[in-house]
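Asks: Going down the list, the protein sequences come from chains A and B. Note that this note's numbering has the first sequence beginning at 18, numbered continuously upward. Note that this note's numbering has the second sequence beginning at 2, numbered continuously upward.
These are calculated hints, taken from the structure and not from any lab test. Don't take each hint at face value.
Here chain B is said to cover these stretches of chain A; the calculated rule only asks that three of the stretch's residues, wherever they fall, bring their Cβ under 8 angstroms from a Cβ of chain B [stated by the list, open to error]:
no., segment
1, 24-36
2, 39-45
3, 50-58
4, 72-85
5, 141-150
6, 156-165
Just so it is clear, the structure is predicted and the values come from calculations on it, not from any experiment. We put the CB at the ideal spot given by N, CA and C, even for glycine.
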Amino acid sequence: MTKFPELIRALLSGGVEFILVGGVAGAAHGAARATYDLDVVYRRTRENIQRLVACLAPLSPYLRGAPPGLPFRFDLETVHRGLNFTLTTSLGDLDLLGEIAGGGRFEELEQRTVVADIFGSKCLCLGLPALIMTKRAAGRVKDLDAIAELEALLEEKRKRNKQQP
Amino acid sequence: MEALRKSAEADFDKGVSLEPDPVIEVYKKDVDRTLLRENLKLTVEQRIEKLASFMQFLEGIRGSAQGLP
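Excised from the complex, chain A in its bound form (with noise of 0.2 angstroms):
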């Protein structure tokens, strides 16, 4: 089971250049729906990179699905020659995104974010629009159900906004 809160810490105290996406976000919008996984999309700079492998690395990163005993080493040449990763580590499933279907890199979400204080750290957050068109693009069937939700949540939150002064 992925410990959400533990894991957006560790990115957070290693000061990680990231943005929250997928369920995790929805949560975060105030969706009620589950997820497995936490989806981050991560600048890809070079210091960047090093921050979040030197964050990570103490939490055994490794290829989810993978057969055990690959020779795989999560390090700043691995990441810097890939772009998206689906992880499992010590706290939980992690996706690192270098772009998104429907969204880009973290350079063209960036304007499309929110920043919302969580654990004492301010974190970016995709803006809920944005989510649910990267949802949208994606054009999965299994994503129906999330995005209708995602799109109520969007009408609640205009009527809230409406309706306070």
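Guided by the hints, dock chain B onto chain A, whose structure is given.
Replies: Same frame as chain A, but now just chain B:
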């Protein structure tokens, strides 16, 4: 923190308009909005803690269910 949360809430829209999708509209009818309204009363941190606690509950149920015939 409350001020930051409110400013984040206000920023959510950022002028994005989404064209209604007829398929999504059908699915939307089944969404339990009472859960969403309850979640909207919480802070972002509380929502994440709630998700973590829900997932822990599911894990517990799954563990118990393994003993079922």
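Asks: With reference to the structure, classify each hint as holding or not holding.
Replies: Hints versus structure:
no. : hint    : verdict
1   : 24-36   : violated (count 1)
2   : 39-45   : holds (count 3)
3   : 50-58   : holds (count 3)
4   : 72-85   : violated (count 0)
5   : 141-150 : holds (count 7)
6   : 156-165 : holds (count 4)
Hints 1, 4, counting from the list given before, are not met by this structure.
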